[in-house]
Amino acid sequence: MRDALLDRLPYARFLGLRTLIAGDELTVVMPYADKLIGNPMIPALHGGSTAALLEMTAIAQVALWQPQARLPRPINVTVAYLRSGRARDVYARARINRAGRRVAHVLAEAWQEERDQPIASLTAHFLLDDD
Amino acid sequence: MTDSPIHDLLPQLASGASHTHALGFAFESAEGDRVRIRVPWRGDLVGDPDTGVIAGGLVTTLLDHVGGLAVWLKIGTYQPIATLDLRVDYMRAARPRADLLAEARCFKLTSSIAFVRAWAFEDDPKDPVAAAQAAYVLTTARPKKGASE
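Protein chains in written order, with the working numbering: chain A, 188 to 318; chain L, 310 to 458.
Worth flagging that the hints you see were computed from the coordinates, not collected in a lab. Small disclaimer: the values here were computed from a predicted structure and weren't measured. Yeah, the Cβ is synthetic: ideal placement off N, Cα and C, and Gly gets one too. Treat the hints with care, as some may be off.
Stated by the list, open to error - Derived contacts from chain A toward chain L, CB cut-off under 10 Å, selection only:
{"#": "1", "residue": "R200"}
{"#": "2", "residue": "L202"}
{"#": "3", "residue": "T206"}
{"#": "4", "residue": "A220"}
{"#": "5", "residue": "A231"}
{"#": "6", "residue": "L240"}
{"#": "7", "residue": "L241"}
{"#": "8", "residue": "M243"}
{"#": "9", "residue": "I262"}
{"#": "10", "residue": "N263"}
{"#": "11", "residue": "T265"}
Please take these sequences and the hints and turn them into a complete structure.
Printed below as a string of structure tokens:
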């Protein structure tokens, strides 16, 4: 049930996201597709598709930690683009840096061939369902 | 509206790549240093099926993209740029089943970096769904003032 979260979200499906869960560790894969390309000359992924992957990964990680009726809603996100995303699969993982009753702070990274060569990183706050 | 070459290119730059085409991005207008694009609402762009609201990640993509257009508009020509970083504040949920517009303005351009603000809204820019602040790096250095411009 939990691993199906992103499968339920239309935009995660549009991006083709697949969720892998091992214990409390979650990895989201965005398999390469032509429709993710933002610059056909390089060719490079659109930064927005990588940012959306990071945000979806953060949402999935928070929801795995605290399954709730309502999805965590982003308050703000900052994305740093570290390397150009090539025409290959992208992987992402997120870590909850701090979670309070109402707000969670989450860090996430996306990479391609090498885990220690991230193409983008995200830092974000999410509003939690605290009813 | 001037007829500088960049104005002719903006519609293509707004929606011409595979990703922006697949998302349905469309050029709206360019006036002064402000540029505007639209993404029509579609069921497969929704973030949370319980609300029907466009995904936050798509709003980020829209703001990132319109910001790039604002940089080209400011430079007056197309040249390779890359987003360095982007911060998005989500002020409120978008209206379910509504198109989103995004407008951006490049408020400072140096020889290598462009600073941009952008916001997304349904019909009133003063009531934004989200606002972004972003920096773009000009991957080919621009001639310094007095060189050729």
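Evaluated hints:
no.	hint	verdict
1	R200	holds, 7 Å
2	L202	holds, 8 Å
3	T206	violated, 15 Å
4	A220	holds, 9 Å
5	A231	holds, 9 Å
6	L240	holds, 8 Å
7	L241	holds, 8 Å
8	M243	holds, 6 Å
9	I262	holds, 6 Å
10	N263	holds, 5 Å
11	T265	holds, 4 Å
The structure fails hint 3 only (numbered hints given earlier).
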